Amino acid sequence: MKSSNRRWWHAALGLVFTAVMLFPVYWMVNVSLTPRNELRKSPPQMFPLNPTLEGYRAVFDQQLPALGTSLVIGLGCVLLTLIIAAPAAYALAMLNIRGGRTMNFLLLVAQMVPAVVMAMGFYAIYVRLDLLNSIGGLIVADSTIAVPFAVLLMTAFMGGLPRELMQAARMDGAGAWRTFRSVVLPLSRNSILTASLFGFLWAWSDFIFASTLARNSDFIPVTLSIYNYIGNNTTQWNAIMATAVVASIPAAVLLVFAQRYVAAGVTAGAVKD
Amino acid sequence: MSTATTHHARPTGASHGHSRRGRRRAQGSPWVALAFAAPLIVYLVAFYAYPLIRSIDLSIHDYNVRAFVQGDADFMGVSNYVDVIRNPLFPQALWNTFLFVLVSLVFQYALGLALAVFFKRRFPLSGVLRAMFLIPWLLPLIVSGSVWAWMMNSDSGVVNSFIGIVGIDPVNWLTSPDTALASVIIANIWLGIPFNLVILYSGLQNIPDEVYEAASLDGAGPWKVFWRITFPLLRPVSAITILLGLVYTLKVVDIVWIMTRGGPADSSLTLAVWSYREAFGTGQPDFSPASAIGNILIVIALIFGLVYVNLQRKVDQ
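Protein chains in written order, with the working numbering: chain S, 1 to 273; chain F, 1 to 317.
The shape of chain S in the complex, shown without the other chains (with noise of 0.2 Å):
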């Protein structure tokens, strides 16, 4: 009886832990529910007792747009990631290329690069190719993030496959091609996943590119509106929280939906079994 005590006080104990930690977000909630008149109260409205909606009607009213313009720059970097990183993935690992070695050093090395040199970088470029503020720019430099490191994730994975089964294909008479796409490709489905979700997830997060690359154009970012709303009117700190707490569905989904492959995703970076 006495471990199973133990085990309750650990389940509350966490549960404080926890509580302490995902402050700020619920705090977030709390806030993006405040009636305007009441949020320079002080003490603060701890709970929200006479929630409005006001923040979110001016979330549709004005940032639709821009959670649009998050979703088709987050897939559109997904799409260029998988594009690049899966056949490579699989030339790395199957294919035993020459120079495999040096091109994961580079991938790592890659990782490591500030993204705020990689903006000047692509500004510098993009001013003489007219790309600034264009959508396709933006996916482009926002995939700089997820490229390098699914490759990695995709090369570790098809790493860890049966060799049986490529000989088995190749048996079959199947070709490189044939055997990436109707063999590894099916059965890479998980790490294809995680590095979708992550791919997407630091598009959708991205605001250094955003903020220097797309500033002015007509389809900005969530990330981008977000930080525009604060610095105009400081007064609407509710319609700020709402936005940031829709800006934050993603991230919402991905725990609720994928959360096996989130924690692979943030392990298959720094440790491997």
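I should point out that these hints are in silico values taken from the structure, not numbers from a laboratory. Every value quoted in this text rests on a predicted model; they were computed, and no experiment measured them. A couple of the hints might just be wrong.
Claimed, not checked - Chain S is faced by these chain F residues, among others (derived, beta-carbon under 10 Å):
| # | residue |
| --- | --- |
| 1 | D57 |
| 2 | A131 |
| 3 | L134 |
| 4 | V158 |
Note that the Cβ used here is the ideal one computed from N, Cα and C, for glycine as well.
Please arrange chain F on chain S, whose structure you already have, making use of the hints.
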């Protein structure tokens, strides 16, 4: 292994399949491999190497907005770098970066490890709660940054009302030069805990149970077990976690920019934020010094990055 390469030239030649050496290299003409990797190689050259070269090019010329479009900036050699290093802001930004990285890492690691050890015991809800801990890491930085900024607001922030309960006077978290750096560090620690928790937790999973059983037979208490067994066995994973965190923390811009813009009076200005501010943060873009700062940052990041890669290799072996 050269026999295997010829197999692929005739994919229909199933009779070659029985070659034992072919097992390791299932399909392998070097040209086929290259064809599959070609998009990535082109991509890395066009969207990594070329922007990096452009950023170096910016740092050794005198670029203003006009020269940007015309492409006729004057060559400056290393003088942009010399100017940056001589700038009185440089030692301050370097010191702020050092504090930001060091304090963030120490707390992220310590709290992440404590939580990982805590969650290692099975108890009701442990899986769900551990998943919830990922949330801060998944939120867009602009979201977390603006939430923290509002929480730390001097007049209506909830943080001040909390510390008011225990009798501490309100603090001008983001608007006083004394506390601005500490404020962004607090927010950054919060952001980094999930990453540390997940990696250290998976490291703990890899320590075999027998080790703990042996220790408990010897009558060692939990504190002793942690310091004698868990911590030493976790050392490689810890080193990797910290180094990776270091490289990522060095380049943080978003969270600081949203909360303080590096101010007030440059008190929370790190190298990465300084670089961003010079290039994009003011109405007057100054790309040449900005890229010089950015390239100095790359060198620092690469030094630690190489240590990390080296260590990772040792752990893998």
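Taking the hints in turn, this is what the structure says about them:
1. Interface hint status for F:D57: upheld, as the beta-carbon distance to the closest one in chain S is roughly 8 Å, under 10 Å.
2. Satisfaction of the interface hint for F:A131 is found here, the shortest Cβ-Cβ separation to chain S being roughly 5 Å, below the 10 Å cut-off.
3. Below 10 Å, beta-carbon pairs count as interface contacts, and F:L134 has one with chain S at about 6 Å; its hint therefore holds.
4. The interface hint given for F:V158 holds, since its Cβ lies 5 Å from the closest Cβ of chain S, which is under the 10 Å cut-off.
Every hint, counting from the list given before, is met by this structure.
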